[in-house]
Structures are given as structure tokens and as C-alpha cells.
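Peer 1: This note's numbering applies: residue 12 is where the sequence shown begins, and numbers increase by one.
Among these hints, one or two may not hold up.
To be verified - Derived DEER-like restraints, expressed as beta-carbon distance ranges:
{"hint": "1", "residue 1": "Q182", "residue 2": "Q96", "range": "35 to 43 Å"}
{"hint": "2", "residue 1": "N38", "residue 2": "R176", "range": "35 to 43 Å"}
{"hint": "3", "residue 1": "D61", "residue 2": "K114", "range": "22 to 30 Å"}
{"hint": "4", "residue 1": "E50", "residue 2": "K114", "range": "39 to 47 Å"}
{"hint": "5", "residue 1": "E136", "residue 2": "A46", "range": "18 to 26 Å"}
{"hint": "6", "residue 1": "Q163", "residue 2": "A135", "range": "26 to 34 Å"}
{"hint": "7", "residue 1": "V157", "residue 2": "K202", "range": "21 to 29 Å"}
{"hint": "8", "residue 1": "N77", "residue 2": "R42", "range": "16 to 24 Å"}
Keep in mind that the hints were calculated from the coordinates and are not lab data. Note that CB positions come from ideal geometry on N, CA and C, so glycine has one too.
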Amino acid sequence: MTTMTQTNSEFDTDNEWRAQTYALLANLLYRAPDAQLLEALAALEVTEPDSPLAASWQALSESAKNIEAQQLEKEYQQLFIGLIQGELIPYGSYYQTGFLNEKPLAVLRGDLAKLGLARQQDSAEPEDHISAECDVMRLILTANGVPVVDEQQFFNRHLKPWASRFFIDLQQAKSASFYQAVGMLGERFIKMETERLAEKSH
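With the hints as constraints, model all of the structure from the sequences given.
Peer 2: Below, the structure is given as C-alpha cells:
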């Protein structure tokens, strides 16, 4: 029986692409993209557009071509901030328990402490914001050596239980236009990550 193995260079390239995707999602979900990022997204060249993930990249690029940064500021405000709260509540505790600052956040803080990470003192955001969790995955994938909490552990504990539902809700949100494409990319990327890390455990 012949098996296929992944070379170190292929592994590094794959992990770099995954880290960049997590970084982009973290950026787009932390704040509305500025004109420079919109321009970069609009200029994306998508290969193999027939695959579901590539189609979501194409949709994101097309959305970036048809919206201005000022419009996106308003869209982001309506989705995530609002006068009292936004249309969506992008926190792991809320999605898993219906309340903020519950047990999922405590578990997350424990793993962040193991990784040497802590919330900045000037930040009022709980650490289980979807943007922050995506950024931690980026950090794990780009870390030197093997992190105390590896990618599979962190993903399975903190993103797998709720991220797909959040991204589906983002696609269906009334205020979402550009962010509908962000939701599509996020949902399909999380699905790919779920399958990839499940295979890794076998």
C-alpha cells in the first residue's frame, strides 16, 4: 500500500496560507476594512473558482470592488456595535450559553494563559470575540516550536463549537452586504479546518 506524505515545504506553505486566512478574518471582524485593504481584496486573483472555498474568496473580492470604506464603517457599526448592541453578538460564551462571560470564556482564559497571552489592559473586549480567537489561531500556526496548546486543541475547544453558527448568522444578517461575503468565507474556511484537524487526529 502506498501512502502520500506532505513535504516540509508543502506543510509550511499550507500553514502560511491558513495563518493568513485567520489573520484576514481577525482583521475584518475586529474593525471595518480601510480603503487599502479593500483595494487589496478587490485585486485578488482566485484560482480554481469552482471549489466552494475559492468561490467564497471570489465573492469577497467582488464585494470589495462594489463598496467604499465609509459605507463599510456604517455596516460594521450596525452589525457589531449598534446604539446598545449590534445585530450580532460575536462572542463564544454568548453563542454557547446564551450569556456573556460564562464558562467558555473562563476555559479560553486558561488556555491563553498557557500560551502566555492576556487581554490588553486598555481593552474592554472579552477574549472570546471571534476576531481574537481567529488571531490566536494565527499566532499558534506561526509560532516557533510546538505551542503548549496546539492548533487542534485550541480549534476544537474554542472555535469548532460556535464559529460556523456565527458565520452563518453573519451571512443572514439584515445589515450585511460586504460582510455576507465575509460570513461565507468564514463558514467554508471553518468547515475546511474542522475536516483537516479531524483527519489529523486519526
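Peer 1: For each hint, tell me whether it holds in the structure or not.
Peer 2: Do the hints match the structure? See the list:
1. Q182 with Q96: 35 to 43 Å: violated (19 Å)
2. N38 with R176: 35 to 43 Å: At 21 Å between Cβs, range violated.
3. D61 with K114: 22 to 30 Å: violated (42 Å)
4. E50 with K114: 39 to 47 Å: At roughly 42 Å between Cβ atoms, K114 and E50 fall inside 39 to 47 Å, so the hint holds.
5. E136 with A46: 18 to 26 Å: At 25 Å between Cβs, range holds.
6. Q163 with A135: 26 to 34 Å: At 31 Å between Cβs, range holds.
7. V157 with K202: 21 to 29 Å: holds (26 Å)
8. N77 with R42: 16 to 24 Å: holds (20 Å)
In summary, the structure is inconsistent with hints 1, 2, 3 from the numbered list given earlier, while agreeing with the others.
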